[in-house]
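*Asks:* Spelled out from the first residue to the last, the chains are:
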Amino acid sequence: MAQIGQFALALAWVVTAYSIVASLLGIRLKHDNLIASGRNAALGTFVCITSAIACLGYLFAVSDFSIKYIAAHSNRDLPIYFKVSSIWGGQEGSLLFWGWLLTAYSALVIVQNWRKHSAMMPYVVAVLMGTSFFFTSMHLFIVNPFNQTVFLQSDASPLPFVPRDGTGLNPLLQDPYMVIHPPMLYLGFVGFAVPFAFAIAAMITKQLGDTWIRTTRRWTMVAWMFLSIGIMLGGKWAYHELGWGGFWAWDPVENASMMPWLIGTAFLHSVMVQEKKGMLKVWNMVLIILTFIMSIFGTLLTRSGMVQSVHAFAQSPVGGYFRAFIIVALSGALYLLFDRLPYLKSENQMESIVSRESSFMFNNLILLAACFAVFWGTMFPIISEAATGSKITVGPPFFNKVNVPIAIFLMFLTGVGPLLAWRRASTNSLKRNFLSPAVIALASGVALYFRGVQHFYAWLSIVMSIFVTLTIIREFYKGAAARSSGTGETFLEAIVNLTLRNTRRYGGYVVHFGFVLLFIGWTGQAFTTDAEGEMGVGDTLSIREYTLRVDKLGIEDTPNYASDKATISLFEYGKKVANLYPEKRLYKAGQEKQPTTEVSIYSTAKNDVYLVFQGGTRDGKKAIIQVFYNPLTMWVWIGGIVLVAGTLIALLPNKKTILRRRPEIESKEERKEVEEKV
Amino acid sequence: MKRKQLKFVAGSVVIILTLAYLAYSGFKEGNAYYQTVSELYASKDQAYTRRLKVAGDVVPGSIQREGKSINFMISQQDEKTKQVETLTVKYVGNDAPPDTFVDRAQAVVEGQLGRDGVFVANKMQAKCASKYEKESAAGVRKSD
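Which chain is which? The protein sequence lines are A and B, in order.
Sequential numbering from 0 applies to the first sequence in numbering that gives the first Met the number 0.
Sequential numbering from 0 applies to the second sequence in numbering that gives the first Met the number 0.
Please note that the accuracy of each hint is not assured.
As the list claims (entries may be wrong) - In silico lysine-lysine, PhoX-like type, Cα no more than 20 Å apart, as pairs:
1) B:27 with B:122
2) B:3 with A:276
3) B:67 with B:3
4) A:621 with B:27
5) A:551 with A:575
6) A:587 with B:27
7) A:29 with A:205
8) A:564 with A:605
9) A:620 with B:126
10) A:430 with A:205
11) A:235 with A:605
12) A:477 with A:430
No lab work stands behind these hints: they were computed from the structure.
Here the structure is a predicted model, which is why all the values come from computation and not from measurement.
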């Protein structure tokens, strides 16, 4: 089976190379059959890499430890779903998985767009396959997942052998979230390759209207959504697996996923300015190029051990190749952009600082600033070593100091931006739209202050959240009220139909609301407290309104791990609310047994109670239990779900029924959209 | 330049300067020198005043809990002199040490070197000896 996989990789490499050559040569010679052949080759690559992935999955399923990757990332007693997810549990496999998603996306793009955009598509294929060629080369020559397990003899010559058992999957990765977190993240990273490819193709073919943006609008949203899901799942995983009570630590690997997200978010917003006003054309090109480069860079960061990280990735040979690919892709794209500047003239000018365009511009500016800050902070050890010879790291204070105000300012724009008129917002409309939300938000702010919320940023964040929520509710209310009076629908029907008729706008509001919820949860972090105690059976420990009581301390044994486990009763204001079971596991596979902490969380809308089994005391009679009181954390996850739901709504095609229009200025935009559709 | 554009430029400059200031102050607050054990000893007096991050392998058998703090030693072989240098660490952080903190793990401690030569850390990261080393210990190595 390994030979088949190996062969599939080699075949993929050849076919990818052929696809690039055939596409480009076909265009040059105006040879349609050659172009079609290049397209078919691109589809063929997908088949090849799919076979390779299937082989790898099979090898995991049958525990074939003669293959090094299997021996190093699995063991016989590993449950089957973890065996399958081990495909992306290590270096070689996760890169193969990346490459596979890229070919899958490519195939889908080809099927969707081949007829519609016949001039651009050969170039799109060439760009996607160019990226794919880089990855297939890596699979085949640098980090091949099908290499044999060998034993180094005393004269250093390798001798193939089959170990009795594998060294196991890292226990920290034996978690349902880790099964789906990497695929989601990669679906996001890889997804940005599609708009990038269209951007490049648009520049080459000089079709620089908004065709490429309209074509890739949904792709960008899908990629963005998956990346958001990936980041959220990563946070969720960290929260319940790492046992330090939080979900975000500005670790380089987390930052790696944050950077493309920030620029991708900027891109997602600024394309609207190009669609509506024909402005920011160069800027959008820069953004999508950077988003793609950051996706590759993110993969490089997580995969090369370039900067110190809590994630145990090996120092590996991939770094240099990735850097080379980034340099080639970036300089090529920027050169092309520079060459096409004359074709990218703006059709309009910014007119007023209080306008939709301007709010988009500031949104872009600070998202980019955030990305730059994250980049700078992550790379600072390397930059400072190059500049001064000593490696200097920056800590979370750096990231928080810069990004907290940025996030709050973003929040402000989230509330204000969508309601500002294009070109110039009149003072009257400002009053009409914002006066009541602002007054209510500020009044609640005063009330909150006197009830003890005096942490400045937390206070500001909550006030902003209220403000934004009110503006969003107002939008839905206004639209639905007008609609129900015009059509006789009930209010609820009106809301649904309103949303379905302009999914992008109202879906966008839902995304913004998700962002607000996420914010509220995140603000709760400012009020986290914790306590710790050595506890025997019957001992109690109190934190805020909760009391813990140890009922049992015991040992549990399974084939995969053994664990120390505490059974703890949780009381809220003296009333029992839950049984919690924090444990400390010792996984059995591999030479060195690795302990992991399994936290136990009691989660409510108000707060989480988060229990960590830190270990036993030396005499073995008591357990050291740490408890965190984390306010509002649940809202982070709910916010994430709402954010995804909103994106899904925005992805729906608009319902086309043209109903009686209401005579309001806002409907101009909708009418335009409907007209465009018809 | 038109007056309208001037407003945008001014607005952007204000934002960027504010962020730059915040970045600078955040940096001052949280920066740390990343050093190896031997670099730490080589930097002599400076070592006592700087906030440091030091990496090394946990010496087997050295981990001892003492009330709320954990005492252990990390060691590292100097790349040039091939000498193994050892540093005694007292971890007093609020967070529990990570699961990966075991004998022979690679630990990164953050804190300050005391005049008594004991490194007082309030932050710690640890990871398993890198995959490569672990594999060679198990007799499994890359075939290339």
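*Asks:* Verify the proposed pairing of residue 430 of chain A with residue 205 of chain A, using a straight-line Cα cut of 20 Å.
*Replies:* Distance ~44 Å between residue 430 of chain A and residue 205 of chain A Cα, so the pair is violated.
*Asks:* Tell me if the straight-line CA distance from residue 564 of chain A to residue 605 of chain A falls inside 20 Å.
*Replies:* 27 Å, violated
*Asks:* Verify the proposed pairing of residue 477 of chain A with residue 430 of chain A, using a straight-line Cα cut of 20 Å.
*Replies:* Distance of about 15 Å is within 20 Å: holds.
*Asks:* Has the given pair, residue 67 of chain B with residue 3 of chain B, been kept, meaning a C-alpha gap of at most 20 Å?
*Replies:* Violated. Residue 67 of chain B to residue 3 of chain B sits at ~61 Å, over the 20 Å cutoff.
*Asks:* Are residue 587 of chain A and residue 27 of chain B close enough, with their CA atoms no more than 20 Å apart?
*Replies:* Violated: residue 587 of chain A and residue 27 of chain B sit about 44 Å apart, past 20 Å.
*Asks:* Residue 551 of chain A and residue 575 of chain A: Cα distance at most 20 Å?
*Replies:* With a Cα-Cα distance of about 16 Å, the restraint between residue 551 of chain A and residue 575 of chain A holds, given a limit of 20 Å.
*Asks:* With the threshold set at 20 Å, check whether the alpha-carbon distance from residue 29 of chain A to residue 205 of chain A stays at or below it.
*Replies:* Since the Cα atoms of residue 29 of chain A and residue 205 of chain A sit roughly 17 Å apart, the hinted pair holds (cutoff 20 Å).
*Asks:* Regarding the pair residue 27 of chain B and residue 122 of chain B, is the alpha-carbon distance no greater than 20 Å?
*Replies:* 17 Å, holds
*Asks:* Just to be careful, I want the Cα atoms of residue 3 of chain B and residue 276 of chain A compared with a cutoff of 20 Å; is the pair within it?
*Replies:* 18 Å, holds
*Asks:* Holds or violated: residue 235 of chain A with residue 605 of chain A, Cα cutoff 20 Å?
*Replies:* Distance ~18 Å between residue 235 of chain A and residue 605 of chain A Cα, so the pair holds.
*Asks:* If you draw a straight line from the CA of residue 620 of chain A to the CA of residue 126 of chain B, is it 20 Å or shorter?
*Replies:* 29 Å, violated
*Asks:* Does residue 621 of chain A pair with residue 27 of chain B here, judged by a C-alpha cut-off of 20 Å?
*Replies:* 42 Å, violated
Hint compliance for this structure: hints 3, 4, 6, 8, 9 and 10 are not met, and every other hint is.
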